[in-house]
Amino acid sequence: MIPNDKIAEIRERADIVEIISEYVSLTRAGANFKSVCPFHADSDPSFNVNPARQFFHCFGCGVSGDVFSFLQRIEGLQFVEAARRLADRYSIELPVHQVSNAARTARERENEERARRLHILESATQFFEDFLHAPNGAPGRDFLEKRHISMDAARRFRLGFAPDAWQDLIEHMAKQRISLKELIDVGLALPRKNASGGYDRFRNRLVFPILASAGHPIAFSARAMPGDDSGAKYINSPETREYTKGKVLFGLHQARVALSKHREGILVEGNFDVVAMSSAGFENVVAPLGTAFTADHAALLRRRVEKITVMFDGDRAGLTAAARSFLVLAKAGLAAYTAPLPPGEDPDSLLQTQGPEAVAALLKNPRGLLDEIIRSSAHASDGSAQDVARRVARLAAYLDALPTPMERDIYRQKIAASFQLDPSLVFRYLRTDTPPVPAASAAKASEPGTLEEREIIGLMLDVPELTPTIEEIGVLVYFHTEPLRKIANHLLYAKHSTSSEVANIMNQDDGTPEMRWFAQRALHRIYTNEDTGQQALRDVHARMQEQRMAQQVAEIDRQINRAKQQRDDMMVFSLLKKRAEIQKEMQEIRLAFDKTHFKH
Numbered sequence: 001m002i003p004n005d006k007i008a009e010i011r012e013r014a015d016i017v018e019i020i021s022e023y024v025s026l027t028r029a030g031a032n033f034k035s036v037c038p039f040h041a042d043s044d045p046s047f048n049v050n051p052a053r054q055f056f057h058c059f060g061c062g063v064s065g066d067v068f069s070f071l072q073r074i075e076g077l078q079f080v081e082a083a084r085r086l087a088d089r090y091s092i093e094l095p096v097h098q099v100s101n102a103a104r105t106a107r108e109r110e111n112e113e114r115a116r117r118l119h120i121l122e123s124a125t126q127f128f129e130d131f132l133h134a135p136n137g138a139p140g141r142d143f144l145e146k147r148h149i150s151m152d153a154a155r156r157f158r159l160g161f162a163p164d165a166w167q168d169l170i171e172h173m174a175k176q177r178i179s180l181k182e183l184i185d186v187g188l189a190l191p192r193k194n195a196s197g198g199y200d201r202f203r204n205r206l207v208f209p210i211l212a213s214a215g216h217p218i219a220f221s222a223r224a225m226p227g228d229d230s231g232a233k234y235i236n237s238p239e240t241r242e243y244t245k246g247k248v249l250f251g252l253h254q255a256r257v258a259l260s261k262h263r264e265g266i267l268v269e270g271n272f273d274v275v276a277m278s279s280a281g282f283e284n285v286v287a288p289l290g291t292a293f294t295a296d297h298a299a300l301l302r303r304r305v306e307k308i309t310v311m312f313d314g315d316r317a318g319l320t321a322a323a324r325s326f327l328v329l330a331k332a333g334l335a336a337y338t339a340p341l342p343p344g345e346d347p348d349s350l351l352q353t354q355g356p357e358a359v360a361a362l363l364k365n366p367r368g369l370l371d372e373i374i375r376s377s378a379h380a381s382d383g384s385a386q387d388v389a390r391r392v393a394r395l396a397a398y399l400d401a402l403p404t405p406m407e408r409d410i411y412r413q414k415i416a417a418s419f420q421l422d423p424s425l426v427f428r429y430l431r432t433d434t435p436p437v438p439a440a441s442a443a444k445a446s447e448p449g450t451l452e453e454r455e456i457i458g459l460m461l462d463v464p465e466l467t468p469t470i471e472e473i474g475v476l477v478y479f480h481t482e483p484l485r486k487i488a489n490h491l492l493y494a495k496h497s498t499s500s501e502v503a504n505i506m507n508q509d510d511g512t513p514e515m516r517w518f519a520q521r522a523l524h525r526i527y528t529n530e531d532t533g534q535q536a537l538r539d540v541h542a543r544m545q546e547q548r549m550a551q552q553v554a555e556i557d558r559q560i561n562r563a564k565q566q567r568d569d570m571m572v573f574s575l576l577k578k579r580a581e582i583q584k585e586m587q588e589i590r591l592a593f594d595k596t597h598f599k600h
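The C-terminal position of the sequence shown is numbered 600 in this note's numbering, with every residue numbered one higher than the one before it.
Keep in mind the hints are simulated off the structure, nothing from the lab. Note that this is a predicted model, so its numbers are computed, not measured.
Below, in silico cross-link-like pairs of lysine-lysine (DSSO-like), each with a Cα-Cα straight-line distance of 30 Å or less: (1) Lys233 - Lys146; (2) Lys245 - Lys261; (3) Lys261 - Lys247; (4) Lys307 - Lys414; (5) Lys331 - Lys245; (6) Lys175 - Lys193; (7) Lys34 - Lys486; (8) Lys233 - Lys181; (9) Lys564 - Lys584; (10) Lys233 - Lys247; (11) Lys331 - Lys34; (12) Lys564 - Lys578; (13) Lys247 - Lys307; (14) Lys331 - Lys261; (15) Lys181 - Lys193; (16) Lys181 - Lys247; (17) Lys245 - Lys307; (18) Lys307 - Lys261; (19) Lys245 - Lys233; (20) Lys364 - Lys331; (21) Lys34 - Lys261; (22) Lys193 - Lys245; (23) Lys307 - Lys34; (24) Lys364 - Lys146; (25) Lys307 - Lys331; (26) Lys261 - Lys364; (27) Lys307 - Lys364; (28) Lys247 - Lys331; (29) Lys414 - Lys364; (30) Lys245 - Lys181; (31) Lys6 - Lys486; (32) Lys233 - Lys193; (33) Lys34 - Lys364; (34) Lys414 - Lys331; (35) Lys34 - Lys6; (36) Lys577 - Lys564.
Assemble the whole structure, with the sequences as input and the hints as a guide.
This is the structure:
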């Protein structure tokens, strides 16, 4: 565990604007900075960063947090990993606990083992890279040249070449004191079935290192050389503790800047397509690795882009894979398009035969992916009632993936037109929407608690010097909204360290209306000095007292009515006297409050 004082030091030293600017382009907006949100499809900048209070908030998707939670979300890190990364960046020394080998925790051992695995993978990458550029790597270089892959692109993707030998990598690694068992564990070698020892997994192949988003190699994909039919065209690393194919996109590290800059990406099927496209000048290209496109893949892209153009192979299998990817992309909130390739072509082959201009022309006018799915299904129909009904029913899943009722209605109309059906028929059988939340309910959810509760919290945010006064007069006893009471207590405890406490509260964001309101309120400073804050506190406190008095008076009035019905004149007189005392007490409280706590 990292001590709390070190966490506070990291938060204080880390520049949240500097960190977030590495992922999105921030522009100043008053005291804040704004950008499109890296966590959802956002056309109108709704992502705000407040440097004074050290937190961010998106008005679109509602996500909030501090510099730690931003790194956790954007890089998929655990809290401790994010904290250590920031500590390294800002040269903050974290305590090292000296313990014996026997007492080391499982986490510490795993960290050491992981560092060792990453070292082995990096060493292998360098071995393959060096061999590609050595004299014996000429076959690999010749192949790349024939496929119009530049050496700049080869270096950018760290391409390598595996020697046409059984144990060259094993022997090279042994000189670095890396054992066969370790190579087998990371997927670089295979054990012999009927004898001791092992052999290299990749031989006489062009090697594509698979990089994590942070840029270090975690696995490999290797392509057979032309004319070599002794094995599969592509051999990939097995899944390991470092590599899960459904959670990694090939080319993401190289494309990350272009993706964030253009806010759109191109999804292709293979790693050679990625390298070929990048070599031809298309830098925002990624591909899944030997698996279908997954929700984890979409989450990696959603952090950086709003729109994805799918450019899968121009055959039925390619369209089927593209259709599956639409379901994932739409549910992730990404706009999905397609640039259909000619039959029998893939991006790499189209670049070879027609050049980058042909690819650019396709990408210039992409079609909506769902439009293409509907068009293709209608075109393939035999027109019979049974076939049309089956095809239309299958399209229901695609409608369900769309984010808004309006989009679903538009596509119901498109389905009707494509299959030449009465729109009312399609609407009747493909109506899956749930009723929208009434506007009044939405408005109520965005304004939780009472106006006075919200104003007290706002005062503690804007004028922390008033917090001791707020504590002294006990104004929090008037809070009836429990989530707001908890927020107020956090700020009360923080005293003058309000900025750090705001970031702490953001890290506890549970998606409630109260937390959403707090994140939005914390972005703006309404009370700019202590004098205006004092006046506001005086007014809020008076209103709270008056509300409490009004409740007491209302209860006394009910008691008076009952006493009158019972003809109990003595009780009526007593209650009227009590009513007058409450009103007088309120006057005295206001005068005493002004005299004791505020300057005149």
